[in-house]
Amino acid sequence: MLENYFPVLLFIIVGLAVGVAPMVLGRLLGPHRPDSAKLSPYECGFEAFEDARMQFDVRYYLVAILFILFDLEIAFLFPWAVVLKEIGTFGFVSMLVFLALLTVGFIYEWMKGALEWE
Amino acid sequence: MISFETIVFYLLAALSVFAAVRVITARNPVHAALFLVLAFCGMAGIWLLLEAEFLAMTLILVYVGAVMVLFLFVVMMLDIDLVQLREGFWRWFPFGVALAAVMVFEMVWVLGNNRTAETGTALVKHDADYSNVKELGRLIYTDYVFPFELAAVLLLIAIVAAIALTLRRRKDSKTQNVAQQVAVKRADRIRIVKVPAEKRGE
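So the protein lines, in turn, are chains A and B. In terms of our numbering, the first sequence is numbered consecutively and its last residue is 118. In terms of our numbering, the second sequence is numbered consecutively and its last residue is 202.
The following block holds chain B by itself, in its conformation from the complex:
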């Protein structure tokens, strides 16, 4: 007898795999980004089945809510000309294949090593009032306080880097600086010139 959870798992897994395949096969980059959103949602469901509720919520909140917005901005900023994008496909093909080979090797090495089977413990089913968020909270802010503060430093670096990389003043901007306008001195605007008096023209 297949349990209800198993059915949900297979549905979500099928959805995620379908979406992930569409991410790399979709011709339009915007469609690919939207399929990535679908893949994230499927994975959030699977994490929820593993009782990692906080991770699932964060995946939806941060990745679907914020990171994908960024991805869509980047895709839109690229000025997508599909013909131009296809150019140089064969030139970069060896690099892509090499990168893919490295990733496949890593996955096979990690998953095929049976280490997960040895160290991993069976999933413990918890009661209805069990809170994964509470367990995380008890650990993050006490036992793992150093990595937690490091995360703050990382975020700070990211803020500074993003501003340094993208903050530009527009040359054609017509904004008024009100403070400057108010603080203007008489001497900045008018100049009094002594003009010698002239006789009335004859």
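So here's chain A without its partners, still in its complex pose:
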């Protein structure tokens, strides 16, 4: 089975090489003449106004967690779709119940306005 994943390994190795090689070449071949103007923080030609680390609105967190929950739902759908012909009506209905339960959650979040972005 693992031999099927050998191309994936090759992809990872080539991808890493493509990512790392330009940085190494740039470090080795590029000239390094830093001065205070080059190293100073740059924001559209002005001095930086404030620290980049600021608090985010908690609503981003809500969107992220709802995304995770429905991502998990999708993860359960993959093996189900692969063996749908073998597990018969019982397996089909069990997934329908699963989806119905999550649809309750989806309707709840929609009606509560959790998907609205004011």
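None of these hints come from the bench; they were simulated from the model. Accuracy of the hints is not assured; some may be wrong.
Straight-line C-alpha distance at most 25 Å; calculated SDA-like pairs for lysine to any residue [unchecked claim]: (1) A/Lys85 - B/Val133; (2) B/Lys125 - B/Arg138; (3) B/Lys125 - A/Asn4; (4) A/Lys112 - B/Ala158; (5) A/Lys85 - B/Leu139; (6) B/Lys134 - B/Tyr144; (7) A/Lys112 - B/Asn177; (8) A/Lys85 - B/Tyr144; (9) A/Lys112 - B/Val74; (10) B/Lys134 - A/Ile74; (11) B/Lys134 - A/Gly88; (12) B/Lys134 - A/Asn4; (13) B/Lys134 - A/Val97; (14) A/Lys85 - B/Phe54; (15) A/Lys38 - B/Asn28; (16) A/Lys85 - B/Leu136; (17) A/Lys85 - B/His126; (18) A/Lys85 - B/Asp127; (19) A/Lys112 - B/Leu167; (20) A/Lys85 - B/Ala128; (21) A/Lys38 - A/Leu25; (22) A/Lys85 - B/Leu150; (23) A/Lys85 - B/Val145; (24) B/Lys134 - A/Glu73; (25) B/Lys134 - A/Leu69; (26) B/Lys174 - A/Asp57; (27) A/Lys85 - B/Ser131; (28) B/Lys134 - A/Phe78; (29) B/Lys174 - A/Leu115; (30) B/Lys134 - A/Met1.
These stretches of chain B come out as covered by chain A in the derived footprint (C-beta under 8 Å, 3 or more residues) [to be verified]: (31) 44 to 51; (32) 61 to 72; (33) 162 to 169.
None of these values were measured; they are calculated from a predicted model. Don't be surprised by glycine CBs; every beta carbon is placed ideally from N, CA and C.
Knowing the structure of chain A, use the given hints to seat chain B on it.
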């Protein structure tokens, strides 16, 4: 002769251990979260070597794709002031040590018990057309249907809890409710007042 798989395993294991050590030693929490992504990727590779392909895919899809996004949001939401974060280090130090001791004890107890060696069977090498996803699918939706539906209930609870905890209306929001604007009645906007007629000023 070391097999190719062994070499890949040791490379991935070294990567995972390095990333895991960096998670706890990195000073910047955002860097720590990114090293956690690297550790997840290394572990996904190791799971793949164990022929648990579905678990490996799910680790990438759910943990790297979604959970780490959440972690980064949380890290960004914390308003990281490193000096402030270091404050109270010694106050919480005993709790941390106690927690770490419990976890080390658990690991030693589980791994040192030799139970895994007794009950575990040798890894069976499968043919190229073997599908781990199919094996899982045959079991989850038939034999393990009750835990599967319980998972749905858990996800439902998580949805409700997340909304209850974080859904806030912003007070400074200037959004228009179009339905309300359309449905407005004449009486809501204007008021007709009878004003007694006055004589023209002299």
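Quick rundown of the hints versus the structure:
Annotation: proposed proximity of A/Lys85 to B/Val133 holds, straight-line Cα distance about 14 Å (limit 25 Å). Between B/Lys125 and B/Arg138 the alpha-carbon distance is near 20 Å, which keeps this suggested pair within the 25 Å criterion. A distance of roughly 13 Å separates the Cα atoms of B/Lys125 and A/Asn4; the hinted pair therefore holds under the 25 Å criterion. Between A/Lys112 and B/Ala158, the direct Cα distance comes to roughly 15 Å. Compliance with the 25 Å bound is thereby established for this hinted pair.
Pair hint A/Lys85 plus B/Leu139 holds up; C-alpha atoms about 14 Å apart against a cutoff of 25 Å. Restraint check for B/Lys134 and B/Tyr144: satisfied, since their Cα atoms lie roughly 14 Å apart, inside the 25 Å limit. Distance check on the hinted pair: A/Lys112 and B/Asn177 sit about 15 Å apart at the alpha-carbon level, within 25 Å; holds. A threshold of 25 Å between alpha carbons decides the hint, and for A/Lys85 with B/Tyr144 the separation of about 18 Å falls inside it, so the pair holds.
Among the hinted pairs, A/Lys112 with B/Val74 is consistent with the structure: their alpha-carbon atoms are about 23 Å apart, no more than 25 Å. Restraint check for B/Lys134 and A/Ile74: satisfied, since their Cα atoms lie roughly 16 Å apart, inside the 25 Å limit. Straight-line distance between C-alpha atoms of B/Lys134 and A/Gly88 comes to about 14 Å, which keeps the hinted pair within the 25 Å bound. Restraint check for B/Lys134 and A/Asn4: satisfied, since their Cα atoms lie roughly 16 Å apart, inside the 25 Å limit.
Of the supplied pair hints, the one linking B/Lys134 and A/Val97 holds, its CA atoms being roughly 21 Å apart against a limit of 25 Å. For a cut-off of 25 Å, the pair hint linking A/Lys85 to B/Phe54 stands: about 19 Å separates their Cα positions. About 24 Å separates the Cα atoms of A/Lys38 and B/Asn28, which keeps this hinted pair within 25 Å; it holds. A threshold of 25 Å between alpha carbons decides the hint, and for A/Lys85 with B/Leu136 the separation of about 14 Å falls inside it, so the pair holds.
This hinted pair checks out: A/Lys85 and B/His126 have alpha carbons roughly 23 Å apart, not beyond 25 Å. For the hint pairing A/Lys85 with B/Asp127, the CA-to-CA distance comes to about 22 Å; that is within 25 Å, so the pair holds. Distance check on the hinted pair: A/Lys112 and B/Leu167 sit about 9 Å apart at the alpha-carbon level, within 25 Å; holds. A threshold of 25 Å between alpha carbons decides the hint, and for A/Lys85 with B/Ala128 the separation of about 21 Å falls inside it, so the pair holds.
As the CA atoms of A/Lys38 and A/Leu25 are separated by approximately 21 Å, the hinted pair is consistent with the 25 Å bound. For a cut-off of 25 Å, the pair hint linking A/Lys85 to B/Leu150 stands: about 24 Å separates their Cα positions. A threshold of 25 Å between alpha carbons decides the hint, and for A/Lys85 with B/Val145 the separation of about 17 Å falls inside it, so the pair holds. For the suggested pair B/Lys134 and A/Glu73, the alpha carbons sit about 17 Å apart, so the restraint of at most 25 Å is met.
About 23 Å separates the Cα atoms of B/Lys134 and A/Leu69, which keeps this hinted pair within 25 Å; it holds. Distance restraint check for B/Lys174 and A/Asp57: the Cα-Cα separation of roughly 16 Å lies within the 25 Å cut-off, and the hinted pair is therefore satisfied. With a C-alpha separation of about 15 Å, the suggested pair A/Lys85 and B/Ser131 falls inside the 25 Å cut-off, and the hint holds. Simply put, B/Lys134 and A/Phe78 have alpha-carbon atoms about 10 Å apart, close enough for the 25 Å limit, and the pair holds.
Between B/Lys174 and A/Leu115, the direct Cα distance comes to roughly 17 Å. Compliance with the 25 Å bound is thereby established for this hinted pair. A C-alpha spacing of about 13 Å is found between B/Lys134 and A/Met1, which places the hinted pair at or below 25 Å, so the restraint holds. Against chain A, the region 44 to 51 of chain B contributes 3 residues with a C-beta closer than 8 Å to a partner C-beta. That satisfies the three-residue criterion, and the hint holds. Only residues whose beta carbon comes within less than 8 Å of a beta carbon in chain A count, and the region 61 to 72 of chain B has 7; three or more means the coverage holds.
Residues of the region 162 to 169 of chain B lying with their CB closer than 8 Å to a CB of chain A number 6, which satisfies the three-residue condition for coverage.
No hint from the list above goes unmet by this structure.
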